[in-house]
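Peer 1: Letter by letter, the chains look like this.
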Amino acid sequence: MSQPASSDLGLIARQLRLRLVQMSHAAGTPHLGSALSCVDILVAAYWNILRIDPAIPDDPNRDRFILSKGHAASALYAVLAERGFFPRAWLDTFAQHGAQLAEQPAPRCAPGVELATGSLGHGLPVGVGMALAARIQKRDHRVFVCLSDGECNEGTVWEAALFAPAHQLNHLAVIVDYNKWQATGRSNEVMSLPSLHAKWAAFGWNSIELDGHDLGALTTALQSVPNASGQPTAIIANTIKGKGVPFMEDDNNWHYRIPKAEEVTKAAQALGLA
Amino acid sequence: MRNAFAQQITTLAQQDPRVVVLSGDIGNRLFDDLKAKCPERFFNCGIAEANMIGMAAGLALSGLRPFCYTITPFLTYRCLEQIRVDLCYHHVPVVLVGTGSGLSYASLGATHHSCEEMGMLRLLPNLTVAAPADAWEVRASLRAALQSPGPVYLRIGKKGEPAVHTAEPAFAFGHAIPLRPGNDVAILSAGTVLPVALATADALHNDGIAAAVYSFHSLKPLDTATLADVFQRCRVVATLEEHSILGGLGGAVAEWLADQRQPQARLIRCGTPDEFLHLTCEQEEAREHFGLTPVALSQRLRDGFRSP
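Residue numbers (the working numbering), protein chains in the order written: chain D, 1 to 274; chain W, 275 to 582.
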């Protein structure tokens, strides 16, 4: 797949962001701030990095991407639809009665969705298992797991973080969407998170800290997987919750708040898509 | 029984390249043969059981067939959410083998006991829950588990459990194994207490009471055909397990019984009470303490048989 121009990706990212605002409004679902903060991570992965084919979603040699922060599932769905894994029309019934795409993904609910998420701390252990499987099966695909910063409160994240370097799982990478907020407080205050970069490095990971809204930096970091050091990679992506819609940025009310119709219009204008 | 597990899983790993064994940093020399023969498919996962179960799900989602092994309370109580979400919700073929179940580690205190876990796990959709009675049933249940399309939980003993069968019995989940015939009383035994059930039946026989004995290894799926038969045929049906009388085999049978319309035999649930064991003792004394002995049980069942 030829790499799209960065301006194209910038437009795609803005269009995805508007889609998320619309989905939240139409379905009445929260977690919009959390979904917006990881859009650039998803765009870099799904357009520049992942060896995937929407026509063969179950290809055993595909790269795996697990969005372990399942409350941001709307972002994953929008990306998968845009990449052609399923019709864009599925997004129109997101989270509605009988929908294929529930607010948090069910197992095998749609092509491209690797795991039923929603309970934090599960994605990385499962991802480690997939990386182990690849080694046993002598496949060289990669496994990427996107965690939230709040998710790094969960003990299982650190159990997995201890295990992976001990087995040199260098085809495995974590991306932490470090938007500095969790549900009811600042991430760095609820738990002693900083420095996440130093913590992952201390656990034996090849740790990279970067601007999580810089598609170029994200792409370069993701391209380094598998890392030549033989270790798994941790990308600490500094992000802004609600990124892209100025009146939502870094405002934790948008963890739970659902946009009204006039706010959807305002967002469209702010994204240059009105 | 753990030796039987190690031997059988090594055989299965050699026969089936999908088999992967995950251990929670236990089994000191137990897996030496497996490690020699299939080194790339054995992993010591450390003392991080929840991660072990998550990894098993990832392996299974990738087409492999993982078996997770550690001491029962650490595999089950600690990891209930992982079992529920990663294994049962995703319906993946992972086999959990809990060793030292029930009161096998009596002397180590309740942190090492598991008298509530079968009840807890029985509540999870998609999970097969079984308690093999001896080394023969361990081997057979492992092979049956490898055929299962969904997650399986097996609770086994530790070491020194007497063999009851003399050859490998025909084994299928949800099909109890009849060992003795009898029309007065039926004893449905789950797990390593089976010799106690047989000795209880002997004692009842001496009192002129004919007691059937079944190795009722599967709590889920439940052998309702055998239940329908014994509850219609006998006057008393007893469940026996090294597990609480709440929620385990006794609980499962009580639920089934509550749904039956016609008058049925009386159910007597035998197991541990709703309390922790605080006595410092070995497994045999623990069973005595809780009345899980042929003398105590035959007394209970005799009284139950003779009273209206």
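These are computed hints drawn from the structure, not numbers from a lab.
Beta carbons: idealized from backbone N, C-alpha and C, even for Gly.
One or more of the hints may lead you astray.
Computed cross-link-like contacts, DSBU-like style, restricted to lysine-lysine with a CA-CA straight-line distance of at most 35 angstroms [claimed, not checked]:
#	chain 1	residue 1	chain 2	residue 2
1	W	Lys494	W	Lys309
2	W	Lys494	W	Lys311
3	W	Lys433	W	Lys309
4	D	Lys199	D	Lys138
5	D	Lys138	W	Lys309
6	D	Lys138	W	Lys311
7	W	Lys311	W	Lys432
8	W	Lys432	W	Lys494
9	D	Lys199	W	Lys309
Here are a few chain W residues that sit away from chain D, every Cβ distance over 12 angstroms (derived from the structure) [claimed, not checked]:
#	residue
10	Ala331
11	Leu335
12	Glu355
13	Arg358
14	Pro455
15	Ala477
16	Pro495
17	Asp533
18	Arg543
19	Leu553
20	Gln573
21	Gly578
Example chain W residues on the side facing chain D (calculated, C-beta under 7 angstroms, incomplete) [claimed, not checked]:
#	residue
22	Pro313
23	Ile321
24	Ala324
25	Asn325
26	Gly328
27	Met329
28	Glu558
Peer 1: Are the hints correct? Go through all of them and say.
Peer 2: Against the structure, the hints:
1. W:Lys494 to W:Lys309: With Cα atoms ~32 angstroms apart, Lys494 (chain W) and Lys309 (chain W) stay inside 35 angstroms; holds.
2. W:Lys494 to W:Lys311: The given pair, whose Cα atoms are some 34 angstroms apart, holds under the 35 angstroms limit.
3. W:Lys433 to W:Lys309: 21 angstroms, holds
4. D:Lys199 to D:Lys138: 31 angstroms, holds
5. D:Lys138 to W:Lys309: 19 angstroms, holds
6. D:Lys138 to W:Lys311: At roughly 18 angstroms apart (the allowed maximum being 35 angstroms), Lys311 (chain W) and Lys138 (chain D) satisfy the hint.
7. W:Lys311 to W:Lys432: 24 angstroms, holds
8. W:Lys432 to W:Lys494: 22 angstroms, holds
9. D:Lys199 to W:Lys309: 33 angstroms, holds
10. Ala331: 5 angstroms, violated
11. Leu335: Violated, because the least Cβ-Cβ distance between Leu335 (chain W) and chain D comes to about 7 angstroms, which does not exceed 12 angstroms.
12. Glu355: 7 angstroms, violated
13. Arg358: 9 angstroms, violated
14. Pro455: It holds; Pro455 (chain W) is separated from chain D by about 45 angstroms at its closest Cβ, greater than 12 angstroms.
15. Ala477: At roughly 49 angstroms from the nearest Cβ of chain D, Ala477 (chain W) sits farther out than 12 angstroms, so the non-interface label holds.
16. Pro495: 21 angstroms, holds
17. Asp533: 30 angstroms, holds
18. Arg543: Consistent with the label, Arg543 (chain W) stays out of reach of chain D, its closest Cβ about 34 angstroms off (over 12 angstroms).
19. Leu553: At roughly 33 angstroms from the nearest Cβ of chain D, Leu553 (chain W) sits farther out than 12 angstroms, so the non-interface label holds.
20. Gln573: 48 angstroms, holds
21. Gly578: 45 angstroms, holds
22. Pro313: The hint is violated - Pro313 (chain W) has no Cβ within 7 angstroms of chain D, the shortest such distance being about 11 angstroms.
23. Ile321: Nearest chain D Cβ about 9 angstroms off; hint violated.
24. Ala324: 5 angstroms, holds
25. Asn325: 4 angstroms, holds
26. Gly328: 2 angstroms, holds
27. Met329: 4 angstroms, holds
28. Glu558: 36 angstroms, violated
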